[in-house]
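S.K.: Chains as they are written, first to last, in numbering that gives the first Met the number 0: chain A, 0 to 93; chain B, 0 to 93; chain C, 0 to 93; chain D, 0 to 347; chain E, 0 to 347; chain F, 0 to 347.
Hints may contain errors.
[Stated by the list, open to error] Computed far set for chain B versus chain D, every beta-carbon distance over 12 Å: (1) G11; (2) R17; (3) G26; (4) P34; (5) D54.
[To be verified] According to the in silico footprint, chain C covers these stretches of chain A (three or more CB under 8 Å from chain C): (6) 0 to 10; (7) 63 to 75; (8) 82 to 91.
Just so you know, these hints were derived from the structure itself, not from any lab. Even glycine gets a Cβ: it sits at the ideal position worked out from N, Cα and C.
For reference, the chains in residue letters:
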Amino acid sequence: MQHVKRLDLVVGSRVATRFLEALDTLGLPHRTVIPGVHGYGQHGPRGSDPFATFDNTYLLVAVPPDRVDEVVAALQPLLQEVGGMCLVSDARWV
Amino acid sequence: MQHVKRLDLVVGSRVATRFLEALDTLGLPHRTVIPGVHGYGQHGPRGSDPFATFDNTYLLVAVPPDRVDEVVAALQPLLQEVGGMCLVSDARWV
Amino acid sequence: MQHVKRLDLVVGSRVATRFLEALDTLGLPHRTVIPGVHGYGQHGPRGSDPFATFDNTYLLVAVPPDRVDEVVAALQPLLQEVGGMCLVSDARWV
Amino acid sequence: MVGNLTDPAILFFFVGLLVGAVRSNLEIPAPVAKFLSLYLLMAIGFKGGQALGQTGVTDAAVRVVAIGVVLALAIPALGFVVLRRRIDHFDAAAIAATYGSVSAVTFIAGTQFLTARGDAPGGYLTVALVLMESPAIIMAVLLATWARARRHVTEQATVLAGVHGPPQPPTASGVTAGHPVPTPPMSMRAILHEAFTDGAHLVLIGSLVVGAASGPTGGRAMAPFVDGVFTGLLAFFLLEMGLLVARQLREARDVGPFLVGFAIGMPLVGATLALALGTVAGLSVGDLALLAVLAASGSYIVVPAVVRYAIPEARPSRYFTMALAVTFPFNIVIGIPLYHAAARALVG
Amino acid sequence: MVGNLTDPAILFFFVGLLVGAVRSNLEIPAPVAKFLSLYLLMAIGFKGGQALGQTGVTDAAVRVVAIGVVLALAIPALGFVVLRRRIDHFDAAAIAATYGSVSAVTFIAGTQFLTARGDAPGGYLTVALVLMESPAIIMAVLLATWARARRHVTEQATVLAGVHGPPQPPTASGVTAGHPVPTPPMSMRAILHEAFTDGAHLVLIGSLVVGAASGPTGGRAMAPFVDGVFTGLLAFFLLEMGLLVARQLREARDVGPFLVGFAIGMPLVGATLALALGTVAGLSVGDLALLAVLAASGSYIVVPAVVRYAIPEARPSRYFTMALAVTFPFNIVIGIPLYHAAARALVG
Amino acid sequence: MVGNLTDPAILFFFVGLLVGAVRSNLEIPAPVAKFLSLYLLMAIGFKGGQALGQTGVTDAAVRVVAIGVVLALAIPALGFVVLRRRIDHFDAAAIAATYGSVSAVTFIAGTQFLTARGDAPGGYLTVALVLMESPAIIMAVLLATWARARRHVTEQATVLAGVHGPPQPPTASGVTAGHPVPTPPMSMRAILHEAFTDGAHLVLIGSLVVGAASGPTGGRAMAPFVDGVFTGLLAFFLLEMGLLVARQLREARDVGPFLVGFAIGMPLVGATLALALGTVAGLSVGDLALLAVLAASGSYIVVPAVVRYAIPEARPSRYFTMALAVTFPFNIVIGIPLYHAAARALVG
Ligand SMILES: Nc1ncnc2c1ncn2[C@@H]1O[C@H](COP(=O)(O)O)[C@@H](O)[C@H]1O
Ligand SMILES: Nc1ncnc2c1ncn2[C@@H]1O[C@H](COP(=O)(O)O)[C@@H](O)[C@H]1O
Ligand SMILES: Nc1ncnc2c1ncn2[C@@H]1O[C@H](COP(=O)(O)O)[C@@H](O)[C@H]1O
Ligand code: NA
Ligand code: NA
Ligand code: NA
C-alpha cells in the first residue's frame with residue numbers, strides 16, 4: 000500500500016470539464032466522477048432543480064503525494080473563478 | 000490550505016432534511032448532498048427498491064475543526080433515533 | 000467516537016457484487032453503495048454511455064482498524080483481476 | 000384462471016423473475032422505476048377520478064368504501080392476534096400493518112385483469128384504495144407502543160438489541176457499542192405526518208381530484224398518457240418488480256415456513272372476508288373482485304416507508320419480504336383470477 | 000378566466016404546490032425531471048417546425064419575430080432602469096436578464112391554453128421563443144461589466160464579498176478567508192459560448208429544424224409522441240414544477256415586497272407592450288396572446304445557467320426565486336387567461 | 000439513398016452530433032438513456048414476437064436464421080485473419096468480436112427505414128438478431144486465450160503492462176507498481192454467464208417470447224407503447240447517440256487510418272456476404288436488406304460489456320470507438336439505404 004493524496008472536489012456540473020481538463024494537462028487523467036450531486040455553498044443552493052442548471056459534480060482524484068502542491072496550484076484559480084470545494088486528505092492506495 | 004474536519008454522513012433519504020436542519024441551526028449551511036445512495040447497515044438493506052422507500056442520502060460537510068464536537072453532539076441523538084452512519088476525518092481546504 | 004478504517008472502492012458496476020460478496024464472507028456486510036459513477040483509470044473511460052456498460056459503482060465501507068489488513072488481502076486479487084481503485088484512510092465513527 | 004398468463008404485463012413480470020433468477024446484470028435505474036411507480040399512481044388516480052366525476056357519489060360507491068374501511072381495520076387486528084403468539088410483537092405489529100394496508104400495484108394489475116374481462120370496477124374503488132392505506136399503519140404503531148411499554152417492564156430491552164442483519168463486529172458499526180437501547184422512535188405526530196404526507200399517497204389523492212375536476216375535455220387530453228401507453232409502462236414496471244422479487248427472494252432467510260404460510264393464508268382470509276361482506280352488500284362482480292384484491296394485497300411501499308422509522312425494532316427482512324416476494328406474486332398469478340372467479344360465482 | 004383551472008396539467012401544478020407545502024417526501028428524481036424538460040422542448044420545437052414547414056415564412060411570421068426581438072431588447076433595458084435605483088447593480092442586471100428572456104414552460108402552457116380555446120398560435124412563435132432567449136443575457140452581462148468597472152473605481156469591492164447564503168464561519172468555507180475579491184468572472188467569449196450552446200436552447204432549435212425538414216410523413220410518425228402523450232407528460236412535469244416552487248418559496252428570504260411587486264408588475268408591463276405592438280402589427284388573437292405570454296415570462300433555465308457564472312455577484316436567491324416562485328405561477332394561473340382575454344378584446 | 004435524411008429519428012441523430020460537436024452542456028441523464036435503450040429492445044422484441052406468433056416458424060424464417068448464424072461465425076473469423084497481421088492480437092480478437100456481433104440500435108433503425116418504404120422484414124429477423132449476438136464473443140475469447148498462451152511463451156508479458164490510457168505516473172495509480180502482470184482474466188464459465196445473461200440480451204429474448212405468447216389482444220394493448228410512441232422515443236435515443244458519438248470522436252486517438260478503413264470496409268464486406276447468401280436463399284427484399292444491416296453492424300453494447308472483463312488486454316478506445324463512432328453513423332446514414340438499394344436491385 001502506497002501513500003497517496005486524495006482530492007475531493009465538488010464543482011458545478013457545467014464547469015466540471017474545466018477541472019478535468021486541468022488535470023489532464025498535468026498528466027493526471029485518472030479520476031472518479033459522481034454526477035447529479037446537490038449542495039449548498041457560498042454561491043447558494045445547487046442542484047434539485049429539474050433543469051440541472053445548478054447541479055454539482057463530485058470529483059475524486061487520487062494523486063501521488065509529491066504532486067499535490069502542483070495540482071492544488073492548478074485548481075485554485077479555477078475554484079476562485081467558478082466556485083466549488085476542494086478537500087485534500089491522506090489515504091493509502093491498495 | 001486550512002485544516003477542516005470532514006463529516007461523511009449516510010442517512011435515510013426521508014430523514015436527511017432533519018440532519019440538514021440541525022446543521023442549519025448550528026449556522027453551518029454549507030454541504031454536499033448525493034441522493035439515491037444504497038446501503039446496508041444495522042437497519043438492514045437500504046435503497047435498490049423502485050419506490051426509493053429505503054433510499055439513503057450521502058451528506059458531506061466540511062466544518063472548522065473547533066466546531067466538530069458541537070456538530071457531533073447535535074447529530075448523535077438523531078443518528079440514534081433514525082439510524083445512519085457518520086464518519087469524521089481530517090482534511091485540508093483548498 | 001471510535002477509530003475505524005474507511006475503504007473507498009470504485010469498481011465496475013458489473014463486478015461490484017463480487018466485492019460485496021467478498022466482504023459478506025468476511026462478516027462485514029455493512030456498506031454504502033453509490034451507483035452510476037463515472038471514471039477514468041487504467042482501463043480507460045468508464046460510465047457515460049447510455050448502456051451503462053462501463054458504469055462504476057462506489058463502495059464505502061467502514062471497518063474496525065484491526066480487520067483492515069484482512070479486508071485488503073481479500074480484495075486485492077479481485078482488484079487485480081477486474082480493475083478498480085481502493086483507498087484506505089482513517090476516520091472516527093460517531 | 001390461467002387467462003392472466005397471456006397478459007403481456009404479467010408475462011413481463013415473469014421475465015423479470017427469470018432474469019433476476021439467473022443473476023443477470025439487468026438493472027432498471029432507480030429514477031426510472033420511481034418515475035414508473037408515480038406514473039401508475041397518477042394514471043390510476045386520474046382514471047378513478049374521471050369515473051367518479053361522471054357517475055358522482057353513487058350508492059354503490061358508499062357501500063364499497065365503507066366495506067373497505069371496515070376491512071382495513073379488521074384485517075390488521077386479526078393478523079396481529081394470529082401472529083403475536085408465534086413471533087416477536089414488533090414483527091407482528093409490522094406484518095399486521097402490511098396486510099391491513101394495500102398494494103397499489105396489485106390493485107392496478109387487478110383492474111387491468113377485470114377490465115379486460117368485461118368486469119370493469121367503478122372509479123370509487125380508487126377511493127377505497129386511498130382510504131385503506133393508512134388505518135393499519137396507525138393501529139400497528141399503537142400496538143408497537145404497547146409492546147414497547149410491556150417490554151420495558153419485563154426489562155428485556157437489552158436482549159433484543161442488535162438482532163438485525165448478519166452479524167457485524169460491534170466495533171465496526173460502532174453505534175451499537177455504547178448504546179444498546181435505542182432511544183424511543185418517532186413521535187406519534189411525526190408518524191401521522193409521515194403516513195399522511197407520503198408522496199405516493201398524495202399523488203394518488205391528487206390525481207383522483209384532478210381526474211374528477213377536469214371533466215371530459217381533460218380526460219380526452221390525458222387519454223393517450225393514462226390509457227394508451229398504460230399497459231406498456233405497466234409491463235415495464237412489472238419487469239422491474241420481477242427483478243426485485245427475485246432479488247428479495249435471495250435475502251429471505253428471515254422468513255420461515257410459518258411466515259410463508261401467513262403470507263399466502265392471510266390474503267385468502269382477507270379476500271374471503273371482502274367477498275362475504277361485498278356479496279351481502281350487493282356489489283357488482285367487478286367491484287366485489289377488486290375489493291377482494293385490495294383486502295388480499297399487502298403493502299410494500301407506504302407501510303415499510305413509515306414502519307421503518309415508526310417501529311424500528313421490526314425486521315424489514317420479514318414484513319417487506321413477505322409482502323413483496325410472496326404475497327405480491329401470489330396475488331398476481333393466482334389470487335386475482337381466483338377472486339374474480341369467486342366473485343362471478345357469488346354474484347354473476 | 001378561470002377556464003385554466005380545469006386543465007389537468009395546470010391542476011397537477013397545484014397538486015405539486017400543495018404536496019410541497021405539506022413537506023411530503025415526494026420527489027421526482029432529477030434525471031426524470033430533466034428528461035421531461037427536454038421532451039417538452041423537443042415536442043414544442045418539432046411541432047413549431049412542422050407548422051413552419053407547412054406554411055413557410057409568412058408575412059405574419061416576420062412581424063411576430065420582429066416584435067419578439069424588439070421586446071427582448073426593450074424589456075431588459077426597461078427592467079434595469081427601474082431596478083438600478085432600488086437594488087444592487089449586479090442583482091439588477093441579473094433580474095433584468097431574467098425578465099428580458101423567456102420561459103419555455105410558460106410558453107408551452109400558453110400554447111396549450113390557446114389551442115384548447117381555438118386560438119392556436121402559428122409555428123413561427125417557436126422561432127420567436129428561440130430568438131427572445133439570448134439578447135437579454137448579453138445585455139445583462141454588459142451591464143454587469145460596466146457595474147464591475149464602476150465598483151472597482153469606488154473601491155467597494157471588499158464590502159460585497161461573502162454576502163451570499165446564510166452566515167457560515169469563514170474558516171469553514173475557507174475560500175473566503177484568503178481571497179476576499181473574486182477574480183474576474185467568465186470571459187465574454189465563454190459567456191457567449193454558454194448562452195448559445197446551452198443544451199435546452201439547442202434542443203429547441205434542433206427540433207424546430209427537424210420538424211420543418213421531416214414533412215408530413217415524419218409528422219405522422221412523431222405525432223403520438225409529440226402530441227398524444229404531451230398533455231400527460233406536461234402534467235407530470237408541472238407536478239414537479241409545483242414541488243419546486245413550493246420548495247423555492249421556503250427559501251425566499253432574499254425577495255422582499257419590492258421584488259415581489261416587480262415579479263408581478265414587470266410581466267404585466269411586458270405583456271402590455273407586446274399587446275400594443277402586436278395589435279398595431281395586426282396579429283391574430285393566438286399570435287398576439289402568445290407573444291404577450293413570452294414577453295411576460297421570466298427565464299429560470301437559460302438565464303440562471305449563464306448568469307450564475309457570468310455575474311457571480313448576483314444572488315440566485317433573488318433572480319431565480321422571483322422567476323420561478325412568483326412570476327411562473329402568476330403567469331400560469333392569472334397571466335395566460337388574462338393576456339388571452341385582452342388579445343380577444345383587442346383583436347377579436 | 001438520401002431518403003433516410005427526412006426521417007425525424009435520423010435527423011435527431013445529427014442534431015445530437017452537432018450539439019456534441021459545439022461542446023454544449025447538453026446531457027441526457029444516464030438513467031434515462033438506459034431506460035430508452037431497454038424500451039427499444041422491449042418494443043422490437045415484442046413486435047418481432049407478435050409477428051412470429053402470427054406467421055409461426057415459416058420456411059423463410061429458418062433460412063434467414065440459418066444464414067444469420069453462418070454470418071455470425073464467418074465474419075469474426077474473417078475479421079481476425081485480416082486484423083492479426085496489422086495489430087496486437089488482443090485488439091484483433093476484440094475488434095473481430097465487435098464486427099461479428101450485431102448492433103440492436105442499427106437493427107431498429109434499419110427496420111424503421113425498410114418498413115417506411117414498404118419492405119417490412121419478417122418477425123424472425125429478431126430471432127436472427129438474438130442468435131447473432133453471442134457466437135463472435137465466444138470465438139474472440141478463445142482467440143484471446145490462444146494469444147495469451149502464445150504471449151506467455153514468448154515472455155512478452157511485462158512489456159504489455161500499462162499500455163492503457165494516457166500516461167499516469169505509476170505511483171498515482173499504485174496498482175501497476177507492484178504487479179506488472181495481471182492475473183488471468185475471467186474464467187470461461189464466467190464469460191459464458193456474462194454473455195448469455197446480459198440484461199439487454201435477456202430483455203430482447205424475453206420480449207420476443209412475451210410478444211409471441213400474448214396474441215392479438217396483448218398486441219392491441221401494447222400497441223400505443225411499442226408502436227405509437229416508438230419513433231419519438233427512438234428519436235430521443237438517437238439524439239443521445241449523436242451526443243455520444245461526438246464525445247467518442249474526441250477520444251479517438253487510438254484509431255488510426257487503418258482501423259477507420261476497417262470500420263467502414265468490414266461492414267461493406269459483411270453486407271455483401273449477407274446479400275450474396277440471402278439472394279441465393281431466395282429471401283424477400285426486406286429480409287435480405289435487414290440481414291445485410293445485421294451483418295454490417297458492429298456491437299457496442301454486449302461485446303464491450305463482456306470483452307472488457309474477458310479480454311482486459313484489448314483497448315476499448317479501439318473496438319468501442321470504431322463500432323460507435325465510425326461504423327454506427329456510417330450504417331445509419333449511408334449503409335442502410337445502400338443495402339436496401341442493393342437488395343432491391345438483387346431481388347425486386
Ligand atoms: N463546507 C462545505 N461542506 C461540504 N460541501 C461544501 C462546503 N462548501 C461548499 N460545498 C460544496 O461545494 C459546492 C460549491 O460551493 P460554492 O462555490 O461555495 O457554492 C456547494 O454547492 C457544495 O456542494
Ligand atoms: N460500516 C459501514 N460502512 C459503510 N456504510 C455503513 C456502515 N454502516 C452503516 N452504513 C451506512 O449507513 C446506512 C444506515 O445505517 P444503519 O442505520 O446502521 O442501517 C446504511 O444503509 C449504510 O449505507
Ligand atoms: N487515481 C485515481 N483517482 C480517482 N479514481 C480513480 C483513480 N484510478 C482509478 N480510479 C477509479 O477506478 C476506476 C477503475 O479503475 P481502473 O481499473 O484503473 O480503470 C476508474 O474508472 C476510476 O473511477
Ligand atoms: Na390488505
Ligand atoms: Na420575458
Ligand atoms: Na456484424
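S.K.: Output the numbers, in ascending order, of every earlier hint that fails for this structure.
M.R.: Of the numbered hints given earlier, those the structure breaks are 1, 2, 4, 5 and 7, listed in rising order.
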